[in-house]
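So the chains spell out like this:
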Amino acid sequence: GDSVTQMEGPVTLSEEAFLTINCTYTATGYPSLFWYVQYPGEGLQLLLKATKADDKGSNKGFEATYRKETTSFHLEKGSVQVSDSAVYFCALYSGGYQKVTFGTGTKLQVIP
Amino acid sequence: SQTIHQWPATLVQPVGSPLSLECTVEGTSNPNLYWYRQAAGRGLQLLFYSVGIGQISSEVPQNLSASRPQDRQFILSSKKLLLSDSGFYLCAWSVGRKVNTGELFFGEGSRLTVL
Numbered sequence: 139g140d141s142v143t144q145m146e147g148p149v150t151l152s153e154e155a156f157l158t159i160n161c162t163y164t165a166t167g168y169p170s171l172f173w174y175v176q177y178p179g180e181g182l183q184l185l186l187k188a189t190k191a192d193d194k195g196s197n198k199g200f201e202a203t204y205r206k207e208t209t210s211f212h213l214e215k216g217s218v219q220v221s222d223s224a225v226y227f228c229a230l231y232s233g234g235y236q237k238v239t240f241g242t243g244t245k246l247q248v249i250p
Numbered sequence: 161s162q163t164i165h166q167w168p169a170t171l172v173q174p175v176g177s178p179l180s181l182e183c184t185v186e187g188t189s190n191p192n193l194y195w196y197r198q199a200a201g202r203g204l205q206l207l208f209y210s211v212g213i214g215q216i217s218s219e220v221p222q223n224l225s226a227s228r229p230q231d232r233q234f235i236l237s238s239k240k241l242l243l244s245d246s247g248f249y250l251c252a253w254s255v256g257r258k259v260n261t262g263e264l265f266f267g268e269g270s271r272l273t274v275l
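Sequence lines, in order, name chains A and B. In short: position in the first sequence from 1, add 138, done, that's our numbering. In short: position in the second sequence from 1, add 160, done, that's our numbering.
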């Protein structure tokens, strides 16, 4: 079945540091890939997405590239801010059963 | 525009008591609806999803149940809560069936504490 593996957290960075959160997946066919962000006490919201190989999703300075050859969708940001502190979830949708599969989430803490 | 609401936002219940969490979506028709649970420090666990009225798929055997009495209403219930039912419950919707892109829209969440 489908699965998503993302790096264990928490990740603690200083403000303006470079961020990478790794995500790899296993799926049948050609899934769509997503990153969601959850701020404390809130529901999840879509951060970015990519629907086919080599697509780059981007939003709010975050980027992720759909790499079919390595089955990866790593999240990156060049310079993090304190306001980026949140939990980040990688997810995939392969269409067959109308379900989205999530990774376990990575907590990011950015300190001033 | 589409909106999703779930309530109550916070709930403290004794072990053995019943539970009812409600979720409604506005501004769309025939959505897929989902209930997820997020236990403390853990990821998202899909509990139930529904592709239409009265159609419920269960992902995890447990003492919870779900119902979809109307197109845009999704209810999570339990007859007798367990301590292990504590967590943050999230309702979500997506466009349905053939046009589903997999993008989910989440409610604000309901925090349940079972004592």
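No lab work stands behind these hints: they were computed from the structure. All residues carry an ideal CB built from backbone N, CA and C; glycine is no exception. Do not rely on the hints blindly, as some may be mistaken.
To be verified - Now the stretches of chain A that chain B is said to cover, found in silico as 3 or more residues with beta-carbon under 8 Å:
1) 150-159
2) 207-220
As the list claims (entries may be wrong) - Listed below are the simulated SDA-like cross-link pairs for lysine to any residue, each with C-alpha atoms no more than 25 Å apart in a straight line:
3) K206/A / G233/A
4) K245/A / A226/B
5) K198/A / T163/B
6) K245/A / S189/B
Tested hints:
Under a criterion of three residues with beta carbons nearer than 8 Å to beta carbons of chain B, the stated coverage of the stretch 150-159 of chain A fails, only 0 such residues being counted. Coverage of the stretch 207-220 of chain A by chain B is violated. Counting CB-CB distances below 8 Å, 0 residues qualify, and the rule asks for three or more. Only pairs whose Cα atoms come within 25 Å are accepted, and K206/A paired with G233/A is accepted, the gap being roughly 17 Å. Of the pairs offered as hints, the one joining K245/A and A226/B is violated, with about 30 Å between alpha carbons and a cut-off of 25 Å exceeded.
Proposed proximity of K198/A and T163/B is supported: the alpha carbons are some 22 Å apart, at most 25 Å. Taking the CA atoms of K245/A and S189/B, the gap is about 34 Å. The hint is violated against a cut of 25 Å.
Going through the hint list in order, the structure does not satisfy hints 1, 2, 4, 6.
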